[in-house]
Structure formats: C-alpha cells, structure tokens
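Chemist: Chain by chain, the residues run as shown.
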Amino acid sequence: MTKKVLLKYSAEKTKEPILASIIKETGTLLNILHAEVSAEGGEILLAIDAPDAEVNQIIKLFEQRGIETKELKRAIQLDEEKCFDCGACISLCPTGALRLTDDYSVELDEDKCIYCEICVPSCPVRALKISKF
Amino acid sequence: MEKYKYQYLQHFFKFGGIELTKTKVNKSIAEINDRIKRGDAVVVTAEEMVEIVRERGEVEAAKEVDIVTTGTFGAMCSSGAWLNFGHADPPIKMQRVWLNDVEAYSGVAAVDAYIGATQLSETRDFEYGGGHVIEDLVRGKEIKVKAIAYGTDCYPRKELETIVTKDDLNQAVLCNPRSAYQRYVAATNSRDETIYTYMGTLLPNYSNVTYSGSGALSPLHNDPNYETIGVGTRIFLGGAQGYIFWEGTQHAPTKAMGTIMTIGNLKEMDARYIRGATIEGYGTSLYVGLGIPIPIINERVAKTTGISDEEIRVDLTDYGVPRRERPILKEVTYAELKSGRVEVEGKEVPVSPLSSLKQAREIAGILKNWIEDKKFFLAQTVEGLSTDQVFKPIKQIAAAPVAKDLMTREVVTARPSDSITSAAKIFAKRNFDHLPIVDEKGKLVGIVTSWNIAVAVGTGKRKLSEILTSKVIVASEDEPIDAIARKFETHRISGVPVVGTGGELRGILTSEDLSKLIGRRRR
Ligand code: SF4
Ligand code: SF4
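In order, the protein sequences belong to chains A and B. Per this note's numbering, residue 4 is the first one in the first sequence, and the count goes up by one each step. Per this note's numbering, residue 13 is the first one in the second sequence, and the count goes up by one each step.
Misleading hints may appear alongside valid ones.
Which residues of chain B face chain A? A partial, calculated answer using Cβ under 8 Å [stated by the list, open to error]: (1) 155; (2) 289; (3) 362.
Hints in this document: simulated from the structure, not taken from any laboratory. Fair warning: this is a prediction, and the values are worked out from it, not measured in the lab. C-beta atoms are modelled at their ideal positions from N, C-alpha and C, and glycine is treated no differently.
This is chain B alone, in the form it adopts within the complex (with noise of 0.2 Å):
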C-alpha cells in the first residue's frame, strides 16, 4: 500500500504537482509573492528552518514561513557558457575557436561557440581551461579570441585573431547542463598510493575523506519531490537571477541524485560566485554559486525544507577501485561529514568538504535578502521534473577486457627459502624478467628480478629472502587492463603479478601483454 501510494504520487508530481492529499496549508505562488511584495514575506534560510520545524511541527511552520532559501558552492563540471562573438569584415563562419588558448566548441552557426568548463587551454596545461576562462569573462577581462574556417562564398574569410570582453559580446550565457547535485557520494581512498580523482586528492590507506555538497543547505534536497521546483524556476545562479531549464543530465530522482539544468545571463553575474578551478591531477572545473528558493505551499513541502544534516546519509565510498560501480564502505551523515572527521576502517580520518560550506550558507543568505528587499520574486513552474528518471550506464558493445583475461596463468615461481644461485637458473633458462615470491600456501610475499640477481652474486648473499622486494605493486583478476596501463605508466614498471583477494598468486601481466592488446585494438 505504501509503495503504491508512493508512486501514485510520483505520477502526479511528474504532471504538475497536482494536490494529491488534502494538506491543512494552501498557499499559491501568487500569494506568496504578493506578499514579497508587500513586504511580509517570512523568509528563512534552510538551516534555520531545521530548528523550526523541530520545534512547531511542520504545519505551524507551514503557516508561518513563506520561504525557504537555500545554497550551494560547489565543482560543478558540466558547466559552460554560450558566446555570441558577431560578425566580422569580412564575415566568417567560425570553424575551430579559442579563447585563450582553450577551443570552444563551435559546431553551431557561424558566430556562436559554446566554452566548456573543463575543456584544457593548449599551452598551459591543467592551470587554465574553460572555468578560468569563464570567470576570466566575468571580471571583464580582456579574452583573446581566434578562430580559423574553411571559407565559403558568403564567409569568405579564413582567420580571425581579436581581442574581446564580455561587453563586446552580444550574449554570453551560462549555460549548464548539470547543476547541484541533490546530494554525492563521500569519497576515500583503500589503495596504498594517493589518487588523483574529481573527488580531490585521497591520500593512501583510507586516510582522509572527500566529501562535496551542503547538505542541509542543499537545493534540491530541500524539496526532493519537486513539489515546487521545475521548469522555469527562478533561481540564484552565479551571484545573478537564472533559471532552472530542464531536468539535469544523469538525473537520478529515485537515488536522491537528481540535478538540475540551468540558465542565466553571465553578464550580470558575480566573480565572488563563480570561480574556475583545477583539481589537481584531474582537469579544470567552474565552481557555481547556487541557490534556490522553496515557497513553502503546503506542510509537505514545510516538512522537506525542515530536513536535518543528521537525516541526509550518503555512500563512503572507495575510489580506490577504478570501476563503474565503487565498493561502499559504509553510510555516513551530513552531520558526521561536517563535523570534520569521520571513522574509516577502525579509525578517525580528517574529512574535507570540496564545495564551500561558507558559501553556501552565504549564497542562502543573500536570497534571503533578495527576496526581502523585493529584488526578488518566486517564479511559477511550467513543466515539474521526472521524479522517476534513472540514469543508466553507456551500452558498451564490448566488455573492457579485465587482467584475469590476459595474464600468464603458468608462473614459474620460487621461495623465500631457495638460493639465488637457483634462481639465476631459472632466469638464465628462461626469458623474463620478474621471478615471483610466493609462500608455501601460493601466497605471494615478494618479487626478484633479473638485477636483483646479478647485483646480489658476489655479495655473498645466498637466499631470495635476503634480496627479494617485499613492496609489490600487483593487481586484481578484476581489475581493468586500462587502470592496470596505468599503473605500469606512473609507477615505471614492467610487469605486475596479478592476486586473488587472499594476496595468493594468480598469474603474471606484463607490459607485453598489453602492447599486444593495444595493438589488436588499433586494428
């Protein structure tokens, strides 16, 4: 009864937010910005509203409060902004373009070209990309444009080189195809190296965590049926008024991880609230200000806006493991994130937050004040939001092979115990380079390889336990041969002996194995 009353109420939702269940509050978006502008309009901030509705129940908060406003400060990637540059003497139909040295994307008509947040400049690499060039354009900022065509009889020019500020460009909008995620995983790190990922640096041994969006504070979880948030609300977008559009890409309502697609004029906007960014060893990024206001209509609504950092749980999760679907450690609060450390495996690591907590509360705020000084009025919805929309992986027509498809599974292998005049036998009988260490048990406790052996003869050492390396970087039978191609790149290594999860030997890969994969795939 319960499920079925739920999606009942999903139906309707998705179709405009129909009353469904008769609520004891009722107020229209017309009344509320009536009041706004009459100037009494009770607006509080999202954390605020916590403690009202913990302490008068949702229907009292309902009546008294008009508005709840909320923030967000966060990395947001799939942001970017449509330019139009206007036309030259003599015109051109703008084939490639970049603006400081970062190519937009102009595959749309002549003079328009769409800038990428995380697209790289060519010369400087990971310190510049399309988010600095976008903040670059809000300070106005002089930003060197060039672009080069084929010519055509009526766009006969081929090259273009101009310097422009967004007050030469005829619009310049920020247009972002995925905005504030409702809530994200937490992130750690279970390998015994730091990794680099969009989650921030994780350093090795599950020693710190990442974690990025407000919780409380955050905008769609405030009203996560969409009862009041849709197509054409009205929003804080980048310290400016912009708009939500449609529903974002990879919105996932039923996970809790819906988005947001949103618009607004970059012209207005404010450098304080949108910043480019690298993350180091990963790419460039925007950080987007963001706030949305929720007009308290009903004691649903009241009650979702009263929704607590202790109530919001999200995924710990392990990015150490470079797949699709991460290993969960465990489920940690808003609560616990925020307080600065969280437990991982037995102990207390220090957390970061990635998105500015500071920033929220204060992008909060400043709606607040909007919306009090009657600069700001609430927008009606036209269209609601899939509340049922799931976000499916990409169809791949052929499973990315894992190292348990291409590793040797005979091993020649030797013992802490045997000699190395035994050992150098075996290399000298044989061609390669890695002679594997294992236990009695087949599990594996180090590695020789062909110059540890011709270093040690003549040192008078004369067991592979006194020469053997006990640090060995090895792989999973699971593990993807890219991520495996990677290890053999940053660690400059040759070969890895692949691992059952009891640490026993399985089989060997080698750099050989994968040039001939690599080869069979360029064909």
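Chain A on its own, in the form it takes in the complex (with noise of 0.2 Å):
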C-alpha cells in the first residue's frame, strides 16, 4: 500500500536538493502530492509506493538529513451505498483524487488524497469520512 510521508523542512533546508539526492540515491519514486514553501520553511507530502522495509529506510534517510518527518496515518471512505454520483466534491478536490468517470460516476483515487477535508462537508448526503487513527 501507498504510504504518505509529511516531511518538514526549516528555512535553510529548503535550498538543499535534498529530497533529489534521496531519489537518486535509492532509486525509489517519491510522489510529490503538495509542497508549500514559506519563509519559515517548506512542507512536502509524499506519496511512497513501496514495501514497508523501503519505506522506513527513506524516512531515516530524511531524518539523517536534519528534515522532520511524520507518516500520516489515515484513510478516506467514500460510502458508495450513499453516493449518488452528483459530483458536488470533484472541482473542490485540490489533487484529482475525486473525479468523474467517463460514465459520471465518481471515483476516490485515496494514493492521491492529502486529507485536506476540503470535499468531506460538501458532500450533500456525508457519503465521505476521514478516519485519523
């Protein structure tokens, strides 16, 4: 299963190419799914696919290099007893991860969600939930 990562960088970090280097090094595709830079420093939200082993060693790569990490650990259900398919989450989604079929249904694509909770109160009959655990 896809895991994500939350990495944070101070002020300084930002201008090393760190998370390339890590790419390089391992050779794993880290999926970038948002980045926020400040001028207090930065937020990257990885998407990894890889077994666990690979995982772990790519966060202590992370940590080795002064970044603060946290593996974020939730989940999103899209009830589809409940859904209708009226679309009202998808043009509020910020990542695609909610999105129309070519037959209208809508489809939860959960490796590309960064939990922002944005489409959770929009949906008119709560068919989406965000567990934290």
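With the hints as a guide, dock the two chains, each given alone in a separate frame, to form the complex.
Modeler: Below you can see the structure in the form of structure tokens.
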C-alpha cells in the first residue's frame, strides 16, 4: 500500500536538493502530492509506493539530513451505498483524487488524497469520511 | 415576420397546442399508446435521439421514433409532501406539528400538514431537515410526530406525541411547487474567499465552477415549446409514476427557464430517487429524480428532442456578488460543463455537476424500460403550459440600502511613507480604530489599526509601510448593507474601507454605522 509521509523543512533546508538526492540514492519513485514553501520553511507531502522496509529506509535518510518526518496514518472512505454521483465534491479536490469517470460515476483514488478534508462537508449525503488513527 | 410568426406560434401553443404549420408526420397520443400496447413502440433516450436526428434528419426521426425519454436528478429545494395523519381520540386540531423535530406547515384542516424540504430540524441544524424526513418516510422508517393545539369543543386535545411510518398515514403525496428547471446558470466566485451557496461550495478567485441540470437529457429542454408537455402529463417522479399539475413557480419560458409543478404518491416512491441533502452553509434540500416521456407527435418535436449538449448554453454567473442581478462572465455550453473543465478568466478550472448525470441517464433508461414493458402509458394533456409567463422580482416598497448610503466620506488617511509617530498622534486626537493607508493616487494599499500602532511603538519600526496590513477586507460602493453585515460577522471585523472599481478609497463603514441603521429598522 502507498504510504504518505509529511516532510517538514526548516528555512535553510529548503535550499538543499535533499529530495532529489534521496531519489537518486534509493532509486525509489517519490510522488509529491503537495508542496508548500514560505519564509519559515516548507512542507512536502510524499506518496511512497514501496515495501515497508524501503519506506522506513527512506524516512531514515530524510531524518539523517535534518528533515522532520511524519507518517500520515489516515484513511478516506467513499461510501458507495450513499454516494449518488452528484459530483459536488470533485471540483473542490485539489489533487484530482476525486474524479468523474466517462460514465459519470465519481471515483476516489486514495493514493492521491492529501486529507485536506475540503470535500467532506461538501457532500450533500455525507458519503465521504476521513478517519485518523 | 420571424418574430410575428413566433408570437403567433406561442399564442397557439398556449391554448392547447393547435397544429399551426402543417407537419409531414402526425401522430396522436392514442396511436402511440396503441403501439405501446402492441409492444412495437420505438422508445429512445434523449441522448440516443441526438444521434438519430443528426444522422437522419427530424422527419425521418419522427417517423421512426415514437417516444423520447428524458431524466434529471438534482436538488429541488421547492419540494415537499402533503401528509394526512388521521384523527386521534380524543381528536386534535394540529396547530403546530413536528416530524423528527422538523416543523411542518399545518395551517390547513385538522390533521393535514405539508413538510417542506428546506425546513431545518430544531435540534440538528443543517444536518437534518424536511428533505431528510421525506427520504426517511420513503424508506419506511419510523418518524416521531409531535403536535400541539389550543383545543376547541370539537377538537379538545392539546398535545399529541406518536410514531408513524408511511403505512400509517392516509396520504403521503409528494407535491413540488417547482421542479425540473429547463436549464440553470453555472456558478463561479470572484471573491477572495470561499462562499457557500445553493450552487455548492465556490472556491475563491474563480477556482471552480458548478452547474445543475442534465443538458441534453433535461426534461423540459426536450420540448421547450410545450407542444406535448402540459397539465396532466404522466412522468417518472421519485421512482414512481407522477404527474405535472401546473406550471412551476418562477416559470420563465421566454428565458428558457421553464419549470413545472409535480405531484405523485410518496408511498410508491424509491429512496434511490428521493434523497434528503445538506448543502454546506446553505441548508437542507431534496434531490428528486424526474423524467418526462416526450411523444414524438411530429417532426417539430423530433427536432427539439434532438438538441445536444453543444447547443444548450447557459450563463456563467458570478455568485461572489450578492445581488439579484449577478454579473455574467460568459456563456458556456453543457458540453463544456460536462467535460469537467471550463476556462474562466484565463485559467482552466474544474467543474462540479451538482445534479447526478449518472442517475439522470439511469432515469431516462428506466422510463424507456417501463414503456417497453407496457408498464407506463402516455397521458393526454388537459391544458398547455404558458409560453410567455415572466418571472418578476418581489415588489419592494423601499430599496435596500447600500454602502454609499451609510458610509462616512470624510476619511482621515495616511501614506505608507508616513511615520508611526504621526499616525499615533492621529489616533490620539480622534476616536477611531482604523486608519486607511492610501498611495499618491488615493488607492487603498492597506490599513493600520490603533492596536498595530500600540504594538509597533518601541519595536524600532518607523514607517507605516512596515506595519500596515495589506490584505484588507473591503466593500464596494453598491454593496448591500446586509452583505456587509455578513462580512463583519464572518471575519469578526468592525469596519471596512469602501472602494471604487479601481481600488480608490471612497469612504469607510463601521459596525457603528450599521447598528444605527438596524436601530432605525427596528423602530
Ligand atoms: S480530502 Fe477530499 S478534497 Fe482533499 S485531497 Fe482528499 S479527496 Fe481530495
Ligand atoms: S459529493 Fe458525495 S454524493 Fe456527491 S459525488 Fe461526491 S461523494 Fe458522491
């Protein structure tokens, strides 16, 4: 399963090519779901699709380079019984995790979800739920 | 000439769809029903009809096809149900009645009540409302009923509490004053904050678009002249067979925004097509599945049922402006909207349908199956629908005040280059909290509050440019006071600079100015 890891960079660290060097070093594809940089530092949310041992190794590499990491253990559910494919949620989703298919069904791709929770209250029948654990 | 002909046509259609121009194909409702009975009626959905008309032309299509089915499944706020509870012993004349804590209208005879879709629960706020009560009734769930009365000689009882399901009710009739808008505008938002509207959640700075309606499948758009649709038309309503019984409220056929009043037996409906809903920051509503069969009585009707998503245009409207006449940004087609991305102000943004296109298609398909299975026959209309009705705004005896009516025009301002000490002096001399900062052209560049000054003194900062807040919530001169009062509430602020279209400062409006007005209104 894809794991999601939040990286917190301090202001100085944002200038170093840490992400690129780790990708090069491990050869693992690190998918950036969301990135934000400000004067105080930055945040990157990664999706890593690799065996657990490999993910742990990658986390360790970031920490060795002074990056704070946090694995996001959350889950989003689309209740297919309740959902009636109205699509109210899809234009709010910043990553395209929620989308309309060719036959106008609404689909959720959790791997792309950054748990921003914008979609949750927008659902008129409360078919979307995020759980944290 | 063209215009005259159009009016002439409208006049005739209004009085029952009298044949005007001779058509090559002419079928009666009775003939089509005979075909249904024999099992050889040709039924297609409105989406399938687009291709047929495109390929073979309307005359051939009219010869070949007998019925076109349509469908939509959208939020229809103007929905509700009439319920009759039967009499209690001793009897009560319900003065007020609540169903699962949602009040129903009972200003009619003793035990009749109308539960409206947008009425909110008194205990669960936006999470539950009349729309949810209606869905729960359809699902056969138990509903808590509470009624109070003043008591009369014939109805002595003053209170009643009980639990009912739809089977316990004498009648449960879905009765919607306004259903199935022919088409509806698409919405976006120019403001720099997210807004919550009946058109869904609209992100700041035109970052998404929402729309409603099923385009080529839209029931009324497939017969916009109401040549076949009228009072008495039998339809698919919430999974059962229902009827059109009048034009809908706000019916505006000349703007291609016709509506219908619909009625049907709630007890026979299916909760897949009747869904209670919460629209964030707005309230509750009811999603209603509705489909109309269009009998192809001639090539004129064949042609209108052949309309495609590319041909149906709607105005992309800025819901960021809280006025009745909202600015229109451009026209978009349903084809563009259904593609999922639309260009707004130079950028491509995602689109939300709001009504379920998948279920609209499903409804058109079910209606088709019903007819093919001889479970559904066409009804002859007894009266046409108006084709020239105009939707008027409410008659207001006083115009609602706007910012420029109340704002203070003489505003003390400062420049970004002015010193903090000079500003401190201004604050000391006068009794106010906000000092607008303007550039040499009078354009607002920021604001400084007395709090900012107090904090800045002693930090070594010298110029106002170092401490001003540049992200200022402003109002425009023509912004209604009611909208500004909402801004004060949501942003917890006590004043706004009022600016012209180019951002130039025109005045200032404080919560004090507003409370003076509200005081006046109360008196
Ligand atoms: S929480 Fe919802 S809106 Fe946010 S990324 Fe996930 S699916 Fe998209
Ligand atoms: S808003 Fe809710 S019901 Fe509508 S498509 Fe999204 S999950 Fe489904």
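Chemist: Evaluate each hint against the coordinates.
Modeler: Status of each hint after checking the structure:
Hint status for residue 155 (chain B): violated, given a least beta-carbon distance of 19 Å to chain A, over 8 Å. With its C-beta approaching chain A no nearer than about 4 Å, residue 289 (chain B) sits inside the 8 Å limit, and its interface hint holds. With 8 Å as the threshold, the beta carbon of residue 362 (chain B) comes within range of chain A, its nearest partner Cβ sitting at about 4 Å, so the hint holds.
The structure does not agree with numbered hint 1 stated previously, though it agrees with all others.
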